[in-house]
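Once you've looked at the hints, dock chain B against the given chain A.
Taken in order, these protein sequences are the chains called A and B. Under the working numbering, the first sequence has 50 at position 50, and the numbering climbs by one with no breaks. Under the working numbering, the second sequence has 44 at position 44, and the numbering climbs by one with no breaks.
If you're looking for bench data, these hints aren't it; they were derived computationally from the structure. Fair warning: there could be bad hints in the mix.
Unchecked claim - 25 Å max Cα-Cα, derived SDA-like pairs, lysine to any residue:
1. A:K71 to A:N50
2. A:K44 to B:L11
3. A:K36 to B:G97
4. A:K9 to B:K57
5. A:K40 to B:E39
6. A:K71 to A:I55
7. B:K42 to A:Q37
8. B:K58 to B:E45
9. A:K40 to B:K42
10. B:K110 to B:G97
11. B:K42 to B:N67
12. B:K57 to B:S43
13. A:K44 to A:D18
14. B:K78 to B:G94
15. B:K59 to A:D96
16. A:K41 to B:I62
17. B:K42 to A:P8
So you can see what is in the structure, the chains are spelled out below.
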Amino acid sequence: DTAVSQTPKYLVTQMGNDKSIKCEQNLGHDTMYWYKQDSKKFLKIMFSYNNKELIINETVPNRFSPKSPDKAHLNLHINSLELGDSAVYFCASSQDLGRRDEQYFGPGTRLTVT
Amino acid sequence: ILNVEQSPQSLHVQEGDSTNFTCSFPSSNFYALHWYRWETAKSPEALFVMTLNGDEKKKGRISATLNTKEGYSYLYIKGSQPEDSATYLCAFFGNTGKLIFGQGTTLQVKP
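Just chain A, with the same shape it has in the complex (with noise of 0.2 Å):
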């Protein structure tokens, strides 16, 4: 019954690949994003989507590329994974644009590039 799930939930890859992390939502949300935690531990924005319609696209490498198939998926594709990209990846979604609406957040996928 997980609101917001992603998979996989650990991906451990080499450098050079390109990897998908998927996430769906079932609470009939029309926004979702994915927020990359940072080596400071801050949650960042990196992407949001409303009704398959990209509304922010934040100042991440074009090595990034987020899809949603239809409102309640929203996968990230990245190509040519660097050391750099671990981190751990959550989705979320909300109901509406996100500025009066709380966002839920999926578990957290935690790339490890090696």
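This is chain B only, laid out in the frame that chain A set:
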């Protein structure tokens, strides 16, 4: 650069103590202030979303106040319990259209 700062960074209290932490945020272009509770090995869970100056919200032993004119919010925990041990995050929603998180206050409650 928009800064959201939380203090203290960490806090150790005894069971039964009451405690409070501070979140400072920009006082201009304010739309909302969010508080989240983040337990180890879990994901952040929303506590409050506050939008009005002077707002005060309560959930059980946890309450929060908001001052948008001076740009701060306090989170209070009355009679701390070991299960309150977590990192408490605040996040500012302004006219950039995104949540900007503070680094969090990590609370440890000793039995």
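Inset, instruction - Compare the structure with the hints numbered earlier in the document and write down the numbers of the violated ones, lowest to highest. - result: 4, 10, 11, 14
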